[in-house]
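Chemist: Relying on the hints, combine the two individually framed chains into one complex.
Residues per chain, in single letters:
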Amino acid sequence: MLAALIIVFREVFEAGLIIGIVLAVTGAVPNRNRWIGGGVLAGALAACVVAVFTGALSQLFAGMGQELFNAAILGLAVIMLTWHNVWMAHHGRELAGEMRAVGQAVAEGTKPLLALAVVVGVAVLREGSEVALFLYGVAASDGGSALSLAVGGLIGLALGGGVCLLTYFGLMRIPPRALFATTTALITLLAAGMASQAVAFLERANLLTRLDTVAWDSGWLLSDKSIVGRTMHTLIGYTEQPTQMQLVVYAAVLLLTFMLVRMSGSQPAKRTIAARG
Amino acid sequence: MTMKTVAAVCAIATLALSPLAVSLAQAQEATEIQLTYSKGQFQPNELRASADKPITLRLKNLDAKAMEFESKSLRVEKVVAANSEGVINVRAQKPGRYEFYDDFNEKARGALVVQ
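Sequences listed follow chains X and F, in order. The numbering of the first sequence is my numbering, which starts it at 1 and goes up by one. The numbering of the second sequence is my numbering, which starts it at 1 and goes up by one.
Only chain F is shown next, with the shape it has when bound in the complex (with noise of 0.2 Å):
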């Protein structure tokens, strides 16, 4: 077999493919909800949004350490550096309680209830 034909299938996968990957995400109206990280803590520990509207969290780390926002149920991990904000994209969520915490510091919890 021929590189042309290797590079034939390569591009026809590429060609295949791309209808599904370049799709720049619709400007769908987000709530934001604000949260800050201080002395090992969320503050607000519990954050409300509404349901079937995706989410976005700022949330500022007040400490001189860097922490990992970490929630299963929200699918969402994010490094966030000392004394820095950091933004996490939340998929519109059916009504419930989504627990999240630091993985650097499993003492501080808290939990995003969708309503």
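Pulled out of the complex, with its shape left as it was, chain X reads as follows (with noise of 0.2 Å):
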């Protein structure tokens, strides 16, 4: 039961803190449980779908299906996160100032709900298909023991759940003045580790080889398999022996949001008023 309480709670941790971000971000947005609820349910459902055709999609691509399939929905929650970044340093201001009619403003503050639905979906899916998959063959297995591992899982699963409305709730604690500025660096930071996550997916598909060799191994500092390790991984895309080309491209991917979110308009304190009025 404790393994299965472990393998579960280790998947659906890394989605658990991500769920807990989002719902810190859209704090006042209307609508927004509706959003991210829904997010949740099609990441479950994509999960269950995945793990059923897991089969099939690795035999995809010369046996790469499931590291291209990793690599381009990391690349796709990278986009919306970054997107919804650039939206709110364009936009923030003019919601939360009440600049326009609320009506318009709640129809424009859907825009980045939908992003951020879209990033809580690929947590919840990339993290799932495993879960289902784990469970299943639980399941397929016979005798007592199988409740007991369901029961196992179960526990895990309220565990993820704990973790997602701790991290909420200790982000809310964050006064909000505060707040706006804290969950641009987090979205920001997140989107960098998805991408450099999204690199270690294609080098292990041999599909990029330029600069894959390991930079540094800081696992005698912060073991990958640690929660603290969890926990940066997820936050900052920490790993203990990141490729040249990871840093690239981690690098890559803060310079560039900086700069956009510089570019698209209102300057730094600005967006701190317009944080949550």
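No lab work stands behind these hints, which were simulated from the structure alone. One thing to keep in mind: the hints can contain errors.
As the list claims (entries may be wrong) - Restricting the straight-line Cα-Cα distance to at most 27 Å, the calculated cross-link-like pairs of lysine-lysine (DSS-like) are: (1) X:Lys-225 with F:Lys-72; (2) F:Lys-94 with F:Lys-72; (3) F:Lys-72 with F:Lys-107; (4) F:Lys-60 with F:Lys-94; (5) X:Lys-225 with F:Lys-94; (6) F:Lys-107 with X:Lys-225; (7) F:Lys-72 with F:Lys-53; (8) F:Lys-39 with F:Lys-72.
Said to hold, decoys possible - Far from chain F, by Cβ distances over 10 Å, these chain X residues were calculated: (9) Met-1; (10) Val-49; (11) Ala-72; (12) Val-138; (13) Leu-157; (14) Phe-169; (15) Ala-178; (16) Leu-186; (17) Ser-218; (18) Val-228; (19) Arg-230.
Glycine residues also receive a C-beta, built at the ideal position from the N, C-alpha and C atoms.
Modeler: Set out below in structure tokens:
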């Protein structure tokens, strides 16, 4: 039971963190629960579909279907996160300042919600497909152990939900004025981390071989497998043995986001005021 | 700032990165190793390969459950569905002993010995 608990918790942990951040980012936006709930639901359904077709997916692209699929959905999430940051930099002031009609603001506000719903869906899909495969294997095996494993899995899932709530309420303790800047930074780091994970998948598929030398090994300092290592992996894309290409892409996403946000209008000071009024 | 500028920045960034990104794998001779996974065990559970050459592992999962081949030191992880085969690309490695395991069942362990 404990093994099942640990395996499921490990998988839902990352999704829990991401959903928690997205909930905090969208704190005051009307209808956000519907959008994020929709993202979770769609992600969970897609995870089941992916789990069923894992075998077939693997056979695509000379056995590298899984890797390319993961890289593609991570890439999609990076675009959505970056676009969200740019959109908020551009429109955040108008939205919060009620410079536009409320109705129009709400209508426009659904655009970044859609982007974040996609991000949530992708997170749930990636982690959920492994959980579904693992639990399916459990259900397929007979005997009394199946029940106890399923209970372990459910507790693991509940703990993942706990991580989500902790993240959300932790972020909500940040004063509203600082929250916008914090979440913008969090989203940017999240995007850079996901981009570098996508690079790792392309490297595993042998599609990306340039600069694939491991730049350093900081496993002695912070292991990927530790709970802090896992948290850092999700939040800032920490990995104990990054390749040079992962670092290049990481830096490029940070730089690009910084430039796009600067260019899309509002100054940092104005955006802070724009935060939540 | 106009959308044009934003688009220009995107284009420049993409152009700057493209020579790095577009690099298809060279046709390197990879050592191919076959192994199976059945009844929660790797067979064989000790593999051998020569150093400084890329390695391709072909893992047949004969069990009715999915498994996840994982190795921290080889920097690979791959889910292999029930009754199917997974291909795992491993970079050229220095001589040494590299442990691997099933992430869904940590009792299943093995090692790749690179000489």
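Chemist: Evaluate each hint against the coordinates.
Modeler: Hints and how they fare:
1. X:Lys-225 with F:Lys-72: Within the cut-off at roughly 9 Å; holds.
2. F:Lys-94 with F:Lys-72: holds (15 Å)
3. F:Lys-72 with F:Lys-107: Roughly 16 Å between the alpha carbons, so the hint for F:Lys-72 and F:Lys-107 holds.
4. F:Lys-60 with F:Lys-94: holds (26 Å)
5. X:Lys-225 with F:Lys-94: This hinted pair holds, its Cα atoms lying about 23 Å apart.
6. F:Lys-107 with X:Lys-225: holds (17 Å)
7. F:Lys-72 with F:Lys-53: At roughly 19 Å apart (the allowed maximum being 27 Å), F:Lys-53 and F:Lys-72 satisfy the hint.
8. F:Lys-39 with F:Lys-72: holds (23 Å)
9. Met-1: Nearest chain F Cβ is 14 Å from X:Met-1, so the label holds.
10. Val-49: Non-interface label on X:Val-49 holds, nearest chain F Cβ at 13 Å vs cutoff 10 Å.
11. Ala-72: holds (14 Å)
12. Val-138: violated (8 Å)
13. Leu-157: holds (16 Å)
14. Phe-169: Given a closest Cβ separation of 31 Å, the condition holds.
15. Ala-178: About 26 Å separates X:Ala-178 from the closest Cβ of chain F, which puts it past 10 Å; holds.
16. Leu-186: holds (22 Å)
17. Ser-218: The claim stands: X:Ser-218 keeps its Cβ more than 10 Å from every Cβ of chain F (closest is about 13 Å).
18. Val-228: holds (16 Å)
19. Arg-230: The assertion about X:Arg-230 holds, with a minimum of 13 Å to chain F.
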